[in-house]
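*Asks:* Protein sequence lines correspond, in order, to chains A and B.
So the first sequence is residues 0 to 149, counted in numbering that gives the first Met the number 0.
So the second sequence is residues 0 to 79, counted in numbering that gives the first Met the number 0.
No lab work stands behind these hints, which were simulated from the structure alone.
Since no wrong hints were added, every one of them can be taken at face value.
According to the in silico footprint, chain A covers these stretches of chain B (three or more CB under 8 Å from chain A):
1. 14 to 20
2. 28 to 42
3. 49 to 62
4. 65 to 73
None of these values were measured; they are calculated from a predicted model.
The C-beta atom is built at its ideal place from N, Cα and C for all residues, glycine as well.
Listed here are the chains, written in short residue letters.
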Amino acid sequence: MATGNVPRPPDPPGPRTGYLPWHGRRWPRARTAAIGVVLAGYAWAAGAAEPFSTTSLVFVLIPGVVVAAIAVAWPPQRIPPPEKLDITGMFYWVIAVAALFEWEASAWKDNSLPWHPSLTDLINPLLGPHLVKSVAILLWICVGWALVRR
Amino acid sequence: MDLRRLGAGAAVTIMSTRAVTIVGFVLVIAAMFLLEFLARRPGSRIPTVGQWLGYLMRPRIGRVLVLLGWWWLGWHYFAR
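Same shape as in the complex, but just chain A (with noise of 0.2 Å):
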């Protein structure tokens, strides 16, 4: 049987052409696991803060310091934002969020009493559970990662 011919695999990078081990496919997996992990820690501890407390003022402002420090020291490659926006299809939004403000400072305006809440009275009482508060802990610290993208 003529093997001779049959091309050959390029070899495998050495320890001396510039591949580094963790430039390999595994890496960003593995990086993004662990980088889920301890955010999921943090977000599990920051949720057992007790409110109006320096220790849940510092787990918040920690996120925030990160987030606007990547944002002005290490931007990561941003998500092209449009060119411009489509006027009617905009308005739907504006005419949402003006909805949600008015309903909000209307509650806020009467003082939030308990037969007219506002959203923030409506839900403090759902973030209580530990685990509840530690999602949404996580959830609005993907949400400012997915905005320094933006």
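Fit chain B to the known structure of chain A by using the hints.
*Replies:* Okay, now just chain B, sitting in the frame of chain A:
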């Protein structure tokens, strides 16, 4: 007078102001989810949240304000 028009009549369910407020919030937030769903359909003229936020964040001041708004939400709900 028509006696049939007087009296308690059929039972009337009165919705409390609290319920009206909650229904209002649910309707508005549901409308936002519906808009996002419609925006993701092919050929839609409605922008997604990401698109219009990205558009607002094109100038530096927009970027700063949106990120500040994001941080304020976290402070408001998680630190207080």
